Amino acid sequence: MIGATLSDLGLLVPELILVGMASMLVLAARRIQRAPVAVVGTVLAALAATLVAGWDLSGGARTGFGGMITLDGYSQFFKVLIGVTLALAALLSVRSVDRDQVPRAEYHVLLLLASTGMMLAVSALDLLVVYLGLELMTICSYILVGIRVERPTSNEAATKYFLLSSFASALLLYGISLTYGVTGTTDFSAIALALSEQDTGSNPLLLAAIGLVAAGLAFKVSAVPFHAWVPDAYQGASAPVAAFLAAGSKAAGLAVLGRVCVVAFGSEAHVLSVFLAGLAALSIVVGSFIALSQTDMKRLLAYSSITHVGYALLGLMAGTSEGVSATMTYAFFYVFMTIGTFGVIIALGERGEHLNGYQGLASQRPGTAMLMLIFLLSLTGIPPTAGFVAKFVVIMSAVREGFVVLAVLAVACSVVTAFIYMRVAVLMYMKEPQETAPSRFPVAVSAALAVAALVTVIGGISPGILAPWAVSP
Amino acid sequence: MTTYPVLTVTIFLPLVGAALILLFGGERLARWIALATTLGTLAVSAPLYLHFDKASSTLQFVESRDWIPSLNIAYALGVDGISLPFIFLATLLSILCVSASWTAVQTRVGEFYAALLVAETAMIGLFAASNLLLFFIFWELILVPLFLLIGVWGGPERVYAAVKFLIFTLAGSVLMLVGIIALYVTLGTLDFKAMAQAGESLQPVHQAWLFAAFLAAFAVKVPMFPVHTWLPNAHTEAPTAGSVILAGILLKMGAYGFLRVSIPVLPDAVELFLPAMLVISAVAIVYGAYVTLAQTDVKRLIAYSSVSHMGFVTLGIFTLNQSGVEGAILQMINHGIISAALFLCIGMIYERTHTREIKDYGGVAKTAPVYSTLLALFCLAAAGVPGLNSFVGEFLIIGGAFQTQVWLGAMAVWGVALGTAYLIWLYYRVVMGELNSGLEGLRLELNAREVATLAPLALLAVCLGLYPECVLSYLRAPVTELLAAGAIP
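Heads up: the sequence lines are chains S and H, in that order. Residues in the first sequence are numbered consecutively from 1, following the numbering used here. Residues in the second sequence are numbered consecutively from 474, following the numbering used here.
Calculated from the structure, these hints are not laboratory results. The structure presented is a predicted model; accordingly, all values stated were derived computationally and were not measured. Even glycine gets a Cβ: it sits at the ideal position worked out from N, Cα and C. Be a bit skeptical, because a hint or two may be false.
A short list of chain S residues far from chain H (calculated; beta carbon distances all over 10 Å) [stated by the list, open to error]:
1) L47
2) G54
3) S189
4) S267
5) M370
6) P384
7) S414
8) M430
Computed beta-carbon distance windows for the label pairs [to be verified]:
9) V752(H) / A450(S): 50 to 58 Å
10) S529(H) / H270(S): 46 to 54 Å
11) V752(H) / N203(S): 40 to 48 Å
12) L745(H) / A412(S): 58 to 66 Å
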């Protein structure tokens, strides 16, 4: 058995790289006085993990650890996405880590471990491993949110996040145990097999199990009505942490939700699709209308991220493999446009965190303003940006499955979100500057912005580019 | 024939120019790059006009490349006799916009010309697209530069106008997006020709919903009564170049959409909606004309006149007979020429007087004879005087309307009479009489650059008036095919 275990470790090389780097940073923590060491280490580890995760598998999907971990196209796709998110978040953290006097090594260790948890969750084939991965991610996230210990808002945010999130974890765990009670297993394919064998038509226990698991996961992706923690957490966290959470944890949550819906509970698609359709509709409507009245940029983006999760759920709701690949596409492009938008906020420093800070930006920093405009257009879903492609594919999967009313609701709300994002554009381009021009920002931030903008534009011009990889499990 | 993909080069050359301006844009350099780019675009599009076969109704200069293989959607371009005149109009008006903004725009010059060139790419691309997704992408792309043109370089109420413009048009076009997706899901293709062939298999109920979805987008763009309210704000507050693009091209996009999508693909729904469309068009003609009469702001007056004039266009399209549809397309071109020219005229004099109120003008002819002559020509053309271009278009539309319903023709004639009234009255108040005391000491006469800007439009107004066949000959074959395939009540 020991031989089998060793070869199984091959499935977890990306995670091992991240954990290895985290361990090294912990050991060296007292010696790392200068920020670049931790940042460079984290970025290198993230890129290495991304490369390994993206390495083409010639032998197809492999499973290991007694069928609990898999390395298939689906997990590869999300591992690459998470690896890139980690690298970009580390690059964006350069200045805020200095300014807020955050312990450098520890900050990066937490980023690395949170990413490890995400990667573990997306490659899990067992509800308990999913739980382990997501908890590793969430626990690191609490600390990241509250790491600016001298700020009361940061502490408040971390506390709220912790309390609500523990509740959600309990829901998830309860759902898992009920699932075990109904099917006698926590393994995805065994659950599917058990459900197909027994007549589950109206088993209330099963409905409760599915509902609780889905609710727990909906909390992780912050779909309405499980969204209450998001605005406070993002507002209290530093902008790079908010970017990391908005991008990475949502992508991981969507990935898990996708696999659970299609593989484990695939036979109960009719129940799930009603549940997910409700979550999607609520998220889109509530997120976009509440975002209308926000003036704090991080809070605004928090609500906008809720809206975007609603759109992404439109794909999962369909329960088909096309739907799941639509959600994969959505998650991929969403990550880059969100990180890009947060990147501009970070680049502008304190000024970037408030809506009015954008007044007259275009006449002071035309390049930065144009990048922001590109990200905002993408968030709105206006072609030719990646955000349009993302919106197009999820709405198409909704229409294909007959959810036309929901599709109309979704596009109608995109007009509301257009109003929100274009308000920033109006301030940038059509108002006179009130503050002095922002100082130059670090090369690392520029690099992250460039990557995000490149993906946002190329994804929009060449919509089919992701199709070969965005394949449902 | 030609050694390069004409349409692709024509579409994307302005985008290259915009990138150059943003990269190297000094103020002076930006103007010259923009002028060179727009002239170059006209030059590279020359083969379109030289090698076009008017007798054929099929798409020409077709380009097709894999674009989204997973959805089987191609990057497909092509022009027929309906789209070609619009591509010419778009390239020409872009040149004139660059020229007209030469001294009028003094702030953030580089960004201004970059936005203008992006708009040119979107305009040409829209008319060259031969598949609905590509059409939609260009349709939306044009919003962004125009939003910025209005909001950054516009008049005092520019921000309100820009946001209203964006939200109105976006609200319409998102419904079209659902329509496009629904069409794709049911028909499996978004190619215009293939959709037209497959469209008859659609259930009438589905057709009606799809028609409504597309109507939301097209009606806002045209704009049809009662969703025209964004137009007066946007046209009035936009800088001259923005007004020219709005009036010259943007308003034609909606009507073009009816011709490309609604009529060929959704024949049953067209039949269902026909009475409503005709009534709305007739109301737009008369209502628009009365509102125009009441305006006291020159630019707003011309803006409102567009509502009335575009009413003629939709009326002509929905007569669904050869005369009406040909007249409608010809009238779209005519309106593009004349309203662009009128906005240019207003912009030129506004640059000197900085007022748009009609009461601040009067007696302009005393000091600016050349300007007054050109303005007279364009006002007469807009009023539909025989020998100038609008006459032929309106004549064909009214002829088509009388064939459909007598009262429609009567409404149209009434609209023409009112049009003559507001234009002549405008001309009388601005140009005739004693020189307004506020204008004394101002050099109102046009300079050589401005005359050169207006000259091509004046020439076109006269040429199309005397020999409309030079546009109509392009339209005959495709319009015949359109009406043969679509619904004829």
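Hint by hint, here is what the structure shows:
Look at L47(S): its CB is around 28 Å from the nearest CB on chain H, clear of 10 Å, so calling it non-interface holds up. Once the 10 Å rule is applied to beta carbons, G54(S) is consistent with being away from chain H; the minimum gap is 20 Å. S189(S), annotated as away from the interface, keeps every beta carbon of chain H farther than 10 Å; the closest lies near 27 Å. The Cβ of S267(S) sits about 25 Å from the closest Cβ of chain H, beyond the 10 Å cut-off, so the non-interface label holds.
Not every CB of chain H lies more than 10 Å from the CB of M370(S), the least distance being 8 Å, so the non-interface label is violated. Against the 10 Å criterion, P384(S) falls within the reach of chain H, whose nearest CB is about 6 Å from its own CB. The claim that S414(S) lies off the interface is violated: its Cβ sits roughly 6 Å from the closest Cβ of chain H, which falls inside the 10 Å cut-off. A beta-carbon of chain H comes within 10 Å of the beta-carbon of M430(S); the shortest separation is about 4 Å.
Look at V752(H) against A450(S): about 54 Å separates their beta carbons, and that is inside 50 to 58 Å. Between S529(H) and H270(S) the C-beta distance comes to about 53 Å, which sits within the given range of 46 to 54 Å. Taking the beta carbon of each, V752(H) and N203(S) are about 58 Å apart, not inside 40 to 48 Å as hinted. Separation of L745(H) from A412(S) is about 24 Å and departs from the stated range, judged on CB atoms against 58 to 66 Å.
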